[in-house]
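*Asks:* Protein chains in written order, with UniProt numbering: chain V, 1 to 332; chain X, 1 to 332.
Simulated from the structure, these hints should not be mistaken for laboratory data.
This structure is a prediction, so every number in the text was calculated from the model and none was measured.
Be aware that one or more of the hints could be misleading.
Just so you know, same-sequence chains aren't split out, so a pair can sit in one copy or run between any two.
What the hints assert, rightly or not - Under the rule of at most 27 Å between Cα atoms (straight-line distance), these lysine-lysine pairs were calculated in the DSS-like manner:
| hint | residue 1 | residue 2 |
| --- | --- | --- |
| 1 | Lys106 | Lys300 |
| 2 | Lys109 | Lys44 |
| 3 | Lys106 | Lys17 |
| 4 | Lys165 | Lys214 |
| 5 | Lys44 | Lys112 |
Here is how the chains run, residue by residue.
Number of protein chains: 2
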Amino acid sequence: MKKVTMLDIAKMAGVSKATVSMVLSKRDHSISEETKNKVLDLAKEMNYIPNSLARSLSTKRTGTIGIILPDITNPFFSSIARAIEDEASLLGYNVIFCNTDSEINKEEKYIKLLISKLVDGVIFIAGGESENSVIMLKNNNVPFVLVDRYIDTHEEEYGVYALNKEGVLQGIEYLYNKGNERIAFVKGPKNLELSRQRLDGYEYSMNKYGIYNKKLIFEGDFTIEGGIKATKEILKSIDEIDAIFYSNDAMALGGIKVLLKNGFKVPEDIRVLGFDNIEISEIFEPELTTVAQPIYEMGKQSCKLLIDVIKGNKVENKQIYFQTKVIVRETS
Amino acid sequence: MKKVTMLDIAKMAGVSKATVSMVLSKRDHSISEETKNKVLDLAKEMNYIPNSLARSLSTKRTGTIGIILPDITNPFFSSIARAIEDEASLLGYNVIFCNTDSEINKEEKYIKLLISKLVDGVIFIAGGESENSVIMLKNNNVPFVLVDRYIDTHEEEYGVYALNKEGVLQGIEYLYNKGNERIAFVKGPKNLELSRQRLDGYEYSMNKYGIYNKKLIFEGDFTIEGGIKATKEILKSIDEIDAIFYSNDAMALGGIKVLLKNGFKVPEDIRVLGFDNIEISEIFEPELTTVAQPIYEMGKQSCKLLIDVIKGNKVENKQIYFQTKVIVRETS
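So here's chain V without its partners, still in its complex pose (with noise of 0.2 Å):
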């Protein structure tokens, strides 16, 4: 079968070629009420669709934004990305997503394609410091606005964040509260400006409270297996400690699941803290404390400041910075 075109409409309609793309490109003016319905009933039918592209160049604008993210498979991106979809909808937008692993070289590829299919915007979760994929799309003028992960000009941009440093200083005032000082952390990877203010806010407190030992600071990745061989290191190299704080919450799963084989009950013998809430944390047995991250919120802001962006409307805060709160639950 081959694609419909405006000569096929044409022949079924009796019409013009002209006639039907005046039609579908509304300067129909000059045209009959009855053709104009027939062209458009037909083009319906037989499922006519048109040539984005070639319609962008004259309209300059496509109706769809891209997302870049690091990893589908981890539940904060998938769940932010849903959020965005879910505004995107509302405000008649499509959303195509691109999954770049935190490869920097994919990542660029991504950018590059998202460019290149002319989307009108791009929402870009970093997966480093990405400073060509920036440059990319600056230099080809496409709107982008930065979410989660930080970058080093992340000043100079839009974007949507949650105040990483802050959290962690909630959650270790809440575990000193609680009577624990041998705190370990699992910091995420070094690359991540995140993970960078996660560790601050660590060594910050840590201090604050005369409790600090750089011995207590272990990396993960942010996976669920991450936390598995962080925690594995963990009790290999220390012989006492009261709690453990993981700065993601897919680590942190990963992380009692090792604790509860190596016979230690969560949270009687060690306490457990995760970071982001993510919607299994809640499910999970036991129950996973969690530093929150307002995700879906997150998610629709970044997605209605990139319209406003793409639409030209003004806009009063470059960047959104969101409060993160400590959920009491079972690990802790």
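We have chain V already, so just place chain X on it with the hints.
*Replies:* Just chain X, lined up with the frame of chain V:
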């Protein structure tokens, strides 16, 4: 800032636009090595991005495949998507995702979008019967591979599936041999062929063992929340029960939560079985016994099949069916 054009490169290189065009489209046999390198270097330095559609209209290939999926926040789909992405990346293809929320209107909108963006092919996880979507793909001559979700005409289309009925037979056989007779079943949404297949398997094997009772059948929507609702319903309407077989893992996890909250021990009081084997089912406490689909392999094979079809390679089997198997863990 403005999008970099061939003219910009031509000016910088001190050559004509025609020369730049010939170099960038590899029609460069008449051009000196020096000029060629100068143009290519500049194109890279200046982040030149070809207008993909203009390019596709001549080459007829975009190097991009689209994935249509029902719910990006369901780990079953995000894992399949991830597998497709990994395989596509190996084979030199880009992937863009669209989330339909199982709404037929959204699905058709996204099929149109993918077709108009001229993807080379589509991996299509249908949200329902999806007749129109399939017709659009065919009318526009876009190769597609169905995955996971059967449709009425699936025997005519390329597709990759699990053997759902057989999977449920395996599950019931396992539970029955363990001495469970009052086995409740939480089926999926009515409009999905896959739900009917799993229900068929339940009815068939419960009848075979002479323990079928229509009152033991409940319905959920394949989400954690759906499992929570169905399980509350079960506890309200049935006095005595040996086991609950949820027709996907997400519902099983929500269900276990409700059972534990109501003072039931799993597996001591009630055995629980899921279907899928998503990553978290092994991490959850208690670990979920489930009928495993080879999720990653299904994603990989669907991507391979699609790219074979796109390239016009010979394909031995239009449909690939995967066996399931029972993975025994702690809930049974």
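*Asks:* Of all the hints numbered above, which does this structure not satisfy? Sort the numbers upward.
*Replies:* Going through the list in order, the structure violates hint 3 alone and respects the others.
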